[in-house]
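Enquirer: Build the full structure now, drawing on both the sequences and the hints.
Number of protein chains: 2
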Amino acid sequence: MRRSQIDAAWKGTAECRNCGIRDLVLFADLTEPDFSLIHLPIDEMTFPPGATLYDAEGDGHSVFTIRSGLVKLVQYLPDGTQRIVRLLRPGAVAGLEVLVGTTHQHTAVALQEVAVCRIPRDVIERLSRETPRLHRQLMQRWHQALQQADDWLTELSTGSARARLARLLIQLAGDAPDRPVRLFSREDLGAMLGITMETASRTVAEFKRQGLVREIAPNVALCNVPELREASGID
Amino acid sequence: MRRSQIDAAWKGTAECRNCGIRDLVLFADLTEPDFSLIHLPIDEMTFPPGATLYDAEGDGHSVFTIRSGLVKLVQYLPDGTQRIVRLLRPGAVAGLEVLVGTTHQHTAVALQEVAVCRIPRDVIERLSRETPRLHRQLMQRWHQALQQADDWLTELSTGSARARLARLLIQLAGDAPDRPVRLFSREDLGAMLGITMETASRTVAEFKRQGLVREIAPNVALCNVPELREASGID
DNA sequence: CGCACCCTTGAAATTACTCAAGTTCAGTGG
DNA sequence: CCACTGAACTTGAGTAATTTCAAGGGTGCG
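Line order of the protein sequences matches chains A and B.
First residue of the first sequence? That's 1 in our numbering, and the numbers climb one at a time after it.
First residue of the second sequence? That's 1001 in our numbering, and the numbers climb one at a time after it.
Please keep in mind that the hints were generated in silico from the structure rather than gathered at the bench.
The model shown is predicted, which means the values in this text are computed figures rather than measured ones.
Among the clues, some could well be false.
[Unchecked claim] Chain A side only, calculated, beta carbon under 7 Å to chain B, not exhaustive:
1) C16
2) T154
3) S157
Think of the CB as a built atom: it goes at the ideal place given N, C-alpha and C, for glycine as much as any other residue.
Expert: Here's what the structure looks like:
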């Protein structure tokens, strides 16, 4: 907690015009004159694993474009239970809700070293008023988030612990089934799947024993996608 | 299935200018000249309980503003399991995703007699291009949907069956704790809470026995909100 | 009346949770 | 260099919750 703010490192003011991943980000469609409407600095920042990008307390003044790394969005129940409601990958935008209300709905925490662009709310609002080219992108981000939320519910909160974990691993492996996947802490796994830490641990262990994943380094695993797919349906 | 399309009843072409609930709907902020941009008919329709507004197969050409009644959004897993991912109330918009892609992501089914306005995608797209007054409303709908999705996950897919049902009932009672609440079929309850029909049935029965709800007519109940709140936290 | 459909209930089997003890491992200080 | 510590993970055993499978109501409708 204590470290969250302190840990953020400022990397300079972003030069959006020359952004290396601009086709991926919110400003993809902006034209040269549009950029002159940006009257507040957009900061490039990095956060180490465990650092908080923003939380649900306090006003939200900015949205964040994820440039690299992985972010979890956490929501709490009154009794203190926490659920991870989404993972954000590069290209995603965190904190869109400040464009409608003024507070964030989640706590956003870096799971790995994360690089972001922090965009003041006013910048988005002004661009949104003055140029239609941002709309399509904004709509796409909203859509992306909502689709992910719905899928998260049906895939990761339905069925046995075994089936849920299998589906999560398939998601993480994505379209590159051979690329190793970083596993999360057992506590985070539990919060994603709606199960306890112990059940998460046991299920991971079972997957290793049965060869559905092969651990090639501590908390890094190769997925046996066909067998995982099997496990995601049955059970 | 067979009845879904047949059952829809056409009630005429909507006169949005004079809409009785316009402050509630998507077109709330439009001005007189904006309406002239609407070049395709917006139909008022009603659906009986059980009818399908649209489904995930086939192209989506329209979004729907819910004028009255209650709609469930259903998503299916490959193995046939179904989850209800959201409930739509009057004022909500169903099918926003066709503004980004071209297909619907859910199957939308009326739970009660439902009245809607069916708005062709092209109408929204044109208005969206030409007038900024729709943007704010669109953003609010996206936000509303996303917030509901996240809350649905943390509240209705976390904890014991008892706690989940209690939270659902509290949601349904809303700000009018004395107004009777219609219960859903046990199958729908299960699909909302991620539990089986039998567990849903047993838990409802238990709530009745323990006085957390009082059934004043078949499938209509009064909620004892304080005790429900109790049950939603403990367990 | 009899059939369909939905809901309820029971009993056994399974799954997941809880609580508790042990393990591993990295970081710290003697 | 090594013991010590804390944090995260693992594992076991008992318990609680949920699912599964099966049978038995109730109600509306042809």
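Enquirer: Each hint needs a verdict: does it hold in this structure or not?
Expert: Comparing the hints with the structure gives:
no.	hint	result
1	C16	violated, 21 Å
2	T154	holds, 5 Å
3	S157	holds, 4 Å
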